[in-house]
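S.K.: Those sequence lines, one after another, are chains A and B. Counting from 29, one number per residue, gives the positions in the first sequence under the numbering used here. Counting from 15, one number per residue, gives the positions in the second sequence under the numbering used here.
By construction, these hints were calculated from the structure, which means they are not laboratory data. Nothing here was measured: the structure is a model prediction, and the numbers come from that model. Don't take each hint at face value.
Derived SDA-like pairs: lysine to any residue, alpha-carbon spacing no greater than 25 Å straight-line [to be verified]:
#: 1; chain 1: B; residue 1: Lys118; chain 2: A; residue 2: Asp117
#: 2; chain 1: A; residue 1: Lys71; chain 2: A; residue 2: Arg84
#: 3; chain 1: B; residue 1: Lys118; chain 2: A; residue 2: Gly72
#: 4; chain 1: B; residue 1: Lys118; chain 2: A; residue 2: Gly70
#: 5; chain 1: A; residue 1: Lys71; chain 2: B; residue 2: Gly116
#: 6; chain 1: B; residue 1: Lys54; chain 2: A; residue 2: Asp101
A few chain B residues that face chain A, going by a derived Cβ cut-off under 10 Å, partial list only [as the list claims (entries may be wrong)]:
#: 7; residue: Ser40
#: 8; residue: Lys54
#: 9; residue: Pro59
#: 10; residue: Leu61
#: 11; residue: Gly65
#: 12; residue: Ser67
#: 13; residue: Tyr106
#: 14; residue: Gly116
Even for Gly, the Cβ is constructed at its ideal location relative to N, Cα and C.
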Amino acid sequence: EVHLVESGGGLVQPGESLRLSCVASGFNFNYYWLAWVRQAPGKGLEWVASIDQHDRETYYVDSVQGRFILSRDNAVRSVSLQMNDLRADDTATYYCVRDTFGVYDSWGQGTQVTVAS
Amino acid sequence: EVVLTQSPGTLSLSPGEGATLSCRASQSVSVNSLAWYQQKPGQAPRLLIYGASRRATGIPDRITGSGSGTDFTLTINGLGPDDFAMYYCQHYISLPRTFGQGTKVEI
């Protein structure tokens, strides 16, 4: 069974940084793209970033481009989202998802990020 | 950017009834690169349909996806307690991937 477990969320002030991690199990991690999708409180879903199997290609939504960095370590089956210069509108639950040709077929339980002063 | 517009915003139905949810794209979603997800309060979304009409693993056949081009539909026959939730469509024809704003199916 596929499992994705996120960690690293918390409360930070505007301008600060946070690093989210996601550890995967139950599938061949090296074969799949991974992505992060977020959901602001009471709002819909927003794709944030995706990374290819080999940590060579990364893509970001415009609103986080230049502030967020997505990376992965296949040896430990993990993906990380480094979030810098956080803003109030980054407040959301962040989901780690398995990205199968653009289809998000498995989701973690999410980790909450709150940016407030 | 492909904008997805879902309608209606809320669907109020009774158990046993059928639901028809619409997702319209601002431009053609070729190769039917359209997925549907279900989300219940406090839970992560779950994939229901991909490729516009292919059911994900474990999804019952009373849940059906259809459509092509710019107009897609999710149909749920015989609503059960488990079906009252929020539903989102999502395209994967290009970047950025985008989602519709959601349709809430409520009792």
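S.K.: Does the CB of Leu61/B sit less than 10 Å away from some CB of chain A?
M.R.: 5 Å, holds
S.K.: Go through the hint on Gly116/B and say holds or violated, using the shortest Cβ distance to chain A against 10 Å.
M.R.: 5 Å, holds
S.K.: Is the straight-line distance between the alpha-carbon of Lys118/B and that of Asp117/A 25 Å or less?
M.R.: 24 Å, holds
S.K.: Do the alpha carbons of Lys71/A and Gly116/B lie within 25 Å of each other, as the hint requires?
M.R.: The given pair, whose Cα atoms are some 9 Å apart, holds under the 25 Å limit.
S.K.: Does the structure keep Lys54/B and Asp101/A at a Cα separation of 25 Å or less?
M.R.: 31 Å, violated
S.K.: For the hint on Ser40/B, does the least C-beta distance to chain A fall short of 10 Å?
M.R.: 16 Å, violated
S.K.: CA of Lys71/A to CA of Arg84/A, is that 25 Å or under?
M.R.: Cα-Cα ~32 Å, so violated.
S.K.: Holds or violated: the hint that Ser67/B contacts chain A, with Cβ atoms closer than 10 Å.
M.R.: 13 Å, violated
S.K.: Regarding the hint that Tyr106/B lies at the interface with chain A, is the smallest CB-CB distance below 10 Å?
M.R.: 3 Å, holds
S.K.: With 10 Å as the cut and Cβ atoms as the points, is Pro59/B at the interface with chain A?
M.R.: Hint holds; Pro59/B Cβ to chain A Cβ min 6 Å, cut 10 Å.
S.K.: Return the status of the interface hint for Lys54/B: holds when the least beta-carbon distance to chain A is below 10 Å, violated otherwise.
M.R.: 12 Å, violated
S.K.: Given the hinted pair Lys118/B and Gly70/A, is their alpha-carbon gap at most 25 Å?
M.R.: 12 Å, holds
The structure shown violates the earlier hints numbered 2, 6, 7, 8 and 12.
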